[in-house]
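> One-letter residues, chain by chain:
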Amino acid sequence: MQKFNTLKSIPAYLPIVNIDTDMIIPKQFLKTIKRTGLGKNLFFEMRYDDQGKKISDFILNKNPFNNSKILIAGKNFGCGSSREHAPWALLDFGITCVISSSFADIFYSNCFKNGILPIILEEDKIKELSEYANRKEEISVDLNENKIFYGNNEIKFDLDAFKKKCLLEGLDDIALSLKKSEKIENFEKNLKDKKPWIFND
Amino acid sequence: MPNTLYDKIWNDHLVDQQEDGTALLFVDRHLVHEVTSPQAFEGLRNSNRKVRHPNLTLAVADHNVPTTDRSKGISDKDSKIQVETLEANCKEFGIKLFGMNDKRQGIVHVTGPEQGFTQPGTVIVCGDSHTATHGAFGSLAFGIGTSEVEHVLATQTLVQKKAKNFKVNVNGKLPLGVTSKDVILQIIGKIGTAGGTGCVIEYAGDLIRSLSVEQRMTICNMTIEGGARAGLIAPDEKIFKYLEGRPMSPKGEDWNKALEYWKNLKTDDNAKFDKEIDLKAEEILPMITWGTSPQDVITIDQKVPNPQNEKDEDRKNSLERSLNYMGLKPNMAAKDIKIDKVFIGSCTNGRIEDLREAAKILKDKKIASHVQAMVVPGSGLVKEQAEQEGLDKIFVNSGFEWREPGCSMCLAMNADKLKPQERCASTSNRNFEGRQGRGGRTHLVSPGMAAAAAISGNLDDVRKYQN
Chain A
1 MQKFNTLKSI PAYLPIVNID TDMIIPKQFL KTIKRTGLGK NLFFEMRYDD
51 QGKKISDFIL NKNPFNNSKI LIAGKNFGCG SSREHAPWAL LDFGITCVIS
101 SSFADIFYSN CFKNGILPII LEEDKIKELS EYANRKEEIS VDLNENKIFY
151 GNNEIKFDLD AFKKKCLLEG LDDIALSLKK SEKIENFEKN LKDKKPWIFN
201 D
Chain B
1 MPNTLYDKIW NDHLVDQQED GTALLFVDRH LVHEVTSPQA FEGLRNSNRK
51 VRHPNLTLAV ADHNVPTTDR SKGISDKDSK IQVETLEANC KEFGIKLFGM
101 NDKRQGIVHV TGPEQGFTQP GTVIVCGDSH TATHGAFGSL AFGIGTSEVE
151 HVLATQTLVQ KKAKNFKVNV NGKLPLGVTS KDVILQIIGK IGTAGGTGCV
201 IEYAGDLIRS LSVEQRMTIC NMTIEGGARA GLIAPDEKIF KYLEGRPMSP
251 KGEDWNKALE YWKNLKTDDN AKFDKEIDLK AEEILPMITW GTSPQDVITI
301 DQKVPNPQNE KDEDRKNSLE RSLNYMGLKP NMAAKDIKID KVFIGSCTNG
351 RIEDLREAAK ILKDKKIASH VQAMVVPGSG LVKEQAEQEG LDKIFVNSGF
401 EWREPGCSMC LAMNADKLKP QERCASTSNR NFEGRQGRGG RTHLVSPGMA
451 AAAAISGNLD DVRKYQN
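Line order of the protein sequences matches chains A and B. So the first sequence is numbered by my numbering: it starts at 1 and just counts up by one. So the second sequence is numbered by my numbering: it starts at 1 and just counts up by one.
Chain A with its partners taken away, still in its complex shape (with noise of 0.2 Å):
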C-alpha cells in the first residue's frame, strides 16, 4: 500500500450530501475483476452525459480541479454500498485525501486499506476549506502533525493513533495480523472444545 506523509493541492468542493458509493462508482463498472482503471469511471452519472461526453460544469472535469488530490464533500460521504470499487476509484483518479463532516462506517475502514486519509471536520471548517477550493488556491495535510494547513491558517484533526501507524507506514494489513498467528491457533482450538459446532466437520 502506498505511504502516506504529506499532500498539497488545491481542493475539489462537492457540496453534496449523502454522496452515496453507488454515485461515486455506479454497478457497471463493478464487473472488473481488477483494482486498477476505475478513475475515469468516479462519479460517472455527474461527470458524462447520456452521449458519454464530459459534462464541462462538473467540478472534477474543470480546470485545475481535474487534478485536485483533495475532495471537500457534504456529509455522510461514502453512504450505501460495500464496494472497496469507491476508494480504488478515487485513488485511480488521483484523490488521496477526503475531507467531510462525516463519513459512513464501511467507506471509511476501506479508505485506509487503500492509502487515502478521510478527514472529519466540523462544518464551519467545511466551509472554511471550500473557500480555498473556490479561489483555487492548494491548502495542505500533514499526516505526522495531524494538520490542515491553509492560507496563514492550520486545523488539527482527530485520526486514530493506529490508523495513522498503518498510513504513515503504508503496512499491510493482514502481514500485522498473521504476527498474531498464535493466538488466532489457540482461539481456535478453545473455539474446537467450547463450540465445536462453528468448525462443521
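These aren't lab readings, by the way, just hints derived from the structure by calculation. Check the hints yourself; a few may be wrong.
Below, computed lysine-lysine pairings styled on DSSO-like, alpha-carbon distance capped at 30 Å [stated by the list, open to error]:
id : chain 1 : residue 1 : chain 2 : residue 2
1  : A       : Lys195    : B       : Lys164
2  : B       : Lys266    : A       : Lys183
3  : A       : Lys179    : A       : Lys136
4  : A       : Lys156    : B       : Lys162
5  : B       : Lys162    : A       : Lys189
6  : B       : Lys275    : A       : Lys125
7  : A       : Lys163    : B       : Lys464
8  : B       : Lys263    : A       : Lys194
9  : A       : Lys192    : B       : Lys266
10 : A       : Lys194    : B       : Lys96
11 : A       : Lys62     : B       : Lys263
12 : B       : Lys266    : B       : Lys164
13 : A       : Lys54     : A       : Lys136
14 : B       : Lys50     : A       : Lys183
15 : B       : Lys329    : A       : Lys54
16 : A       : Lys53     : B       : Lys80
17 : A       : Lys165    : B       : Lys50
18 : A       : Lys125    : B       : Lys161
19 : B       : Lys80     : A       : Lys192
20 : A       : Lys147    : B       : Lys162
21 : A       : Lys75     : B       : Lys303
22 : A       : Lys192    : B       : Lys263
23 : B       : Lys96     : A       : Lys180
24 : A       : Lys75     : B       : Lys190
25 : A       : Lys180    : B       : Lys162
26 : A       : Lys156    : B       : Lys164
27 : A       : Lys195    : B       : Lys8
28 : A       : Lys194    : B       : Lys311
29 : B       : Lys162    : A       : Lys179
30 : A       : Lys194    : B       : Lys266
31 : B       : Lys161    : A       : Lys183
32 : A       : Lys195    : B       : Lys257
33 : A       : Lys192    : B       : Lys8
34 : B       : Lys311    : A       : Lys127
35 : B       : Lys464    : B       : Lys338
36 : B       : Lys464    : A       : Lys189
It should be emphasised that the depicted structure is a prediction, and the values quoted were computed from it without experimental measurement.
For chain A, the structure is supplied; the task is to place chain B on it using the hints.
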C-alpha cells in the same frame, strides 16, 4: 457489569486487543459473492497465501446472474468473466460454491439462512453491506470491503474497533396492511441515513418479538440504510425452530450444545445503551420513499415535501436535487405518483413470506396495462416453494413476470434495469440516483404495497386491496 448482546458476541470473539482498543475479531462465517471477491483472491495468490478455513466460507454468485432462461449461460461478457472467476477461485481454494444452476443458488443473504449457515451468536461477514440481514438470528453480521474479504480469507479474523450500542424499541401491534418493511422505513426516516453511524443496533420490544424470522430479516437487512453496519435481534424459539434440520445447522449432540449456548444470547437487564429510541407500532402506516435517500419517507396518505418550507440551506438544496431527479412536484400527493415498473425481490423482500404477501393482494386481479412488473425470488428454493404453493400462477395471471433468482433490479448489474426517467415501485433497499439504472426513479415499498401499485398503476394504499 451488565452487557448488551453485542458486547457479549464481541467479547466472545476477541482474539487479541491492543491497548488503543483495536481488536482482532474471529470470524465464524464468511459469505462470498462474485463482485467483491476477485481482487481478494488475486491478493491471496500474489502473496502466496491460502484460505485459512474453507469450510467456514460459502460462495454463491448472485449480483450478475441473469433472471431469464439460464440454459444459454450469461450473455454479458464482463458478468460472465466475473461469475467464472468466482467458480475458478472457489475450486482453487477449496470453497463450497452454489453454482448458477444449483437450486440452492440465490442471493447470499437468502441462501445463508436457508442453509443453516447463519447461526446465532456468530460473527458473520460478507463483502456486501446487506450482510446486516443475518443479525435477525442474533449474530453480529456486517458488510466489509474487498481488502477485508482478503484479510478474512487469509486469517479468519478481522481488525475492528468496538462500535456503540444503539437500541431501537418497537412495541405494540401493527395496523392491518403494515409490515416489517414499513417499520424499518419508519425507523430510517426517524434516525436518518447517518443516525446509526458508528453503532450496532439492537431491535427489541414486543412487536419485534412477535415478528417471524423472515420479517426480522427485512428489518435487520436495512439497518445499513440507517448508517449502522450491523443490526441484531436476540434469538428465540422461532429462530431455533427455523434452524433445526437445515443442511448446515448443527446436528445430534452438537445441536443440543448449540441450543444451550444460543438460549443465553440476550442483553442483560440494566445493560447500558449509548443511544435509545422508542416507536409505537400502532402509529406506523404503509410507507413509501419519495426521494433519493432511504430516509426520504412519507406515509401513503401524505404529500411530497416542499423545499420552500426548509430553513436549513443544505437540506433545502438536497430536497430540490431529489425532487428534480425524481421528477416530482412539491406537495404532490403520494397516490398521484404514476409508476411504470414494479420489482418484487431482493435480499430485503425476496423470501417466501414476501411473495405470499404480494400474491395475496394480486389474487384474481390484473395489473394496470401500462405497468411492467416482475418477481425475482431470493433463491432457487424460494422459487420452488412458491411454485409448490401456486404463487407463480397468481403472479403470472395478474400480469407479472416470474423470473430466476438473484439480486436483479435491486442494483441492476444484470440485464434487469430501469430506463432513464422510468419510475419503479420496488421492494428493494436503496433509492439512490441511478441505483436501478441510469436516470431511473425508485420508490421503496413493502411487497404488498408493490402489488397494490402494480394493480393501480400508481403508488397506492395496500389497505384498499386487503381481502
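> So, for every hint listed, does it hold in this structure?
Status of each hint after checking the structure:
1. With a CA separation close to 27 Å, the supplied pair A:Lys195 and B:Lys164 stays within the 30 Å bound.
2. Between B:Lys266 and A:Lys183 the CA atoms are separated by roughly 27 Å; this keeps the pair inside 30 Å, and the hint holds.
3. With a C-alpha separation of about 46 Å, the suggested pairing of A:Lys179 with A:Lys136 is violated against the 30 Å cut-off.
4. For a cut-off of 30 Å, the pair hint linking A:Lys156 to B:Lys162 stands: about 24 Å separates their Cα positions.
5. For the suggested pair B:Lys162 and A:Lys189, the alpha carbons sit about 24 Å apart, so the restraint of at most 30 Å is met.
6. The suggested pairing of B:Lys275 with A:Lys125 holds, with an alpha-carbon distance near 27 Å, which does not exceed 30 Å.
7. At most 30 Å may separate the alpha-carbon atoms for a hinted pair to count; A:Lys163 and B:Lys464 exceed this at roughly 54 Å.
8. Of the supplied pair hints, the one linking B:Lys263 and A:Lys194 holds, its CA atoms being roughly 15 Å apart against a limit of 30 Å.
9. For the proposed pair A:Lys192 and B:Lys266, the alpha carbon gap of about 23 Å is at most 30 Å, so the pair holds.
10. For the suggested pair A:Lys194 and B:Lys96, the alpha carbons sit about 25 Å apart, so the restraint of at most 30 Å is met.
11. Distance hint between A:Lys62 and B:Lys263 is unfulfilled; the C-alpha atoms sit about 60 Å from each other, more than 30 Å.
12. Under the criterion of a C-alpha separation no larger than 30 Å, the hint pairing B:Lys266 with B:Lys164 is consistent with the structure, at around 17 Å.
13. This hinted pair checks out: A:Lys54 and A:Lys136 have alpha carbons roughly 21 Å apart, not beyond 30 Å.
14. For the given pair, B:Lys50 sits about 18 Å from A:Lys183 by alpha-carbon distance, which is consistent with the 30 Å threshold.
15. Between B:Lys329 and A:Lys54 the alpha-carbon distance is near 29 Å, which keeps this suggested pair within the 30 Å criterion.
16. Restraint check: the Cα-Cα separation between A:Lys53 and B:Lys80 comes to about 28 Å, which is no more than 30 Å; the hinted pair holds.
17. Restraint check for A:Lys165 and B:Lys50: satisfied, since their Cα atoms lie roughly 27 Å apart, inside the 30 Å limit.
18. For the hint linking A:Lys125 to B:Lys161, the alpha-carbon distance of about 27 Å falls within 30 Å, and the restraint holds.
19. Restraint check for B:Lys80 and A:Lys192: not satisfied, since their Cα atoms lie roughly 39 Å apart, outside the 30 Å limit.
20. Straight-line distance between C-alpha atoms of A:Lys147 and B:Lys162 comes to about 26 Å, which keeps the hinted pair within the 30 Å bound.
21. Between A:Lys75 and B:Lys303, the direct Cα distance comes to roughly 26 Å. Compliance with the 30 Å bound is thereby established for this hinted pair.
22. For the proposed pair A:Lys192 and B:Lys263, the alpha carbon gap of about 19 Å is at most 30 Å, so the pair holds.
23. Annotation: proposed proximity of B:Lys96 to A:Lys180 holds, straight-line Cα distance about 27 Å (limit 30 Å).
24. For the hint linking A:Lys75 to B:Lys190, the alpha-carbon distance of about 18 Å falls within 30 Å, and the restraint holds.
25. Proximity of A:Lys180 to B:Lys162 is assessed by CA-CA distance (about 19 Å); at most 30 Å being required, the pair is judged to hold.
26. Among the hinted pairs, A:Lys156 with B:Lys164 is consistent with the structure: their alpha-carbon atoms are about 25 Å apart, no more than 30 Å.
27. Between A:Lys195 and B:Lys8, the direct Cα distance comes to roughly 15 Å. Compliance with the 30 Å bound is thereby established for this hinted pair.
28. A C-alpha spacing of about 57 Å is found between A:Lys194 and B:Lys311, which places the hinted pair above 30 Å, so the restraint is violated.
29. Proximity of B:Lys162 to A:Lys179 is assessed by CA-CA distance (about 22 Å); at most 30 Å being required, the pair is judged to hold.
30. Taking the CA atoms of A:Lys194 and B:Lys266, the gap is about 18 Å. The hint holds against a cut of 30 Å.
31. Only pairs whose Cα atoms come within 30 Å are accepted, and B:Lys161 paired with A:Lys183 is accepted, the gap being roughly 18 Å.
32. The suggested pairing of A:Lys195 with B:Lys257 holds, with an alpha-carbon distance near 8 Å, which does not exceed 30 Å.
33. In summary, the hint linking A:Lys192 to B:Lys8 is supported, as the alpha carbons are separated by about 19 Å, within the 30 Å threshold.
34. The hinted pair formed by B:Lys311 and A:Lys127 meets the criterion: a straight-line CA distance of about 18 Å does not exceed 30 Å.
35. At most 30 Å may separate the alpha-carbon atoms for a hinted pair to count; B:Lys464 and B:Lys338 meet this at roughly 17 Å.
36. Taking the CA atoms of B:Lys464 and A:Lys189, the gap is near 58 Å; set against the 30 Å cutoff, the hint is violated.
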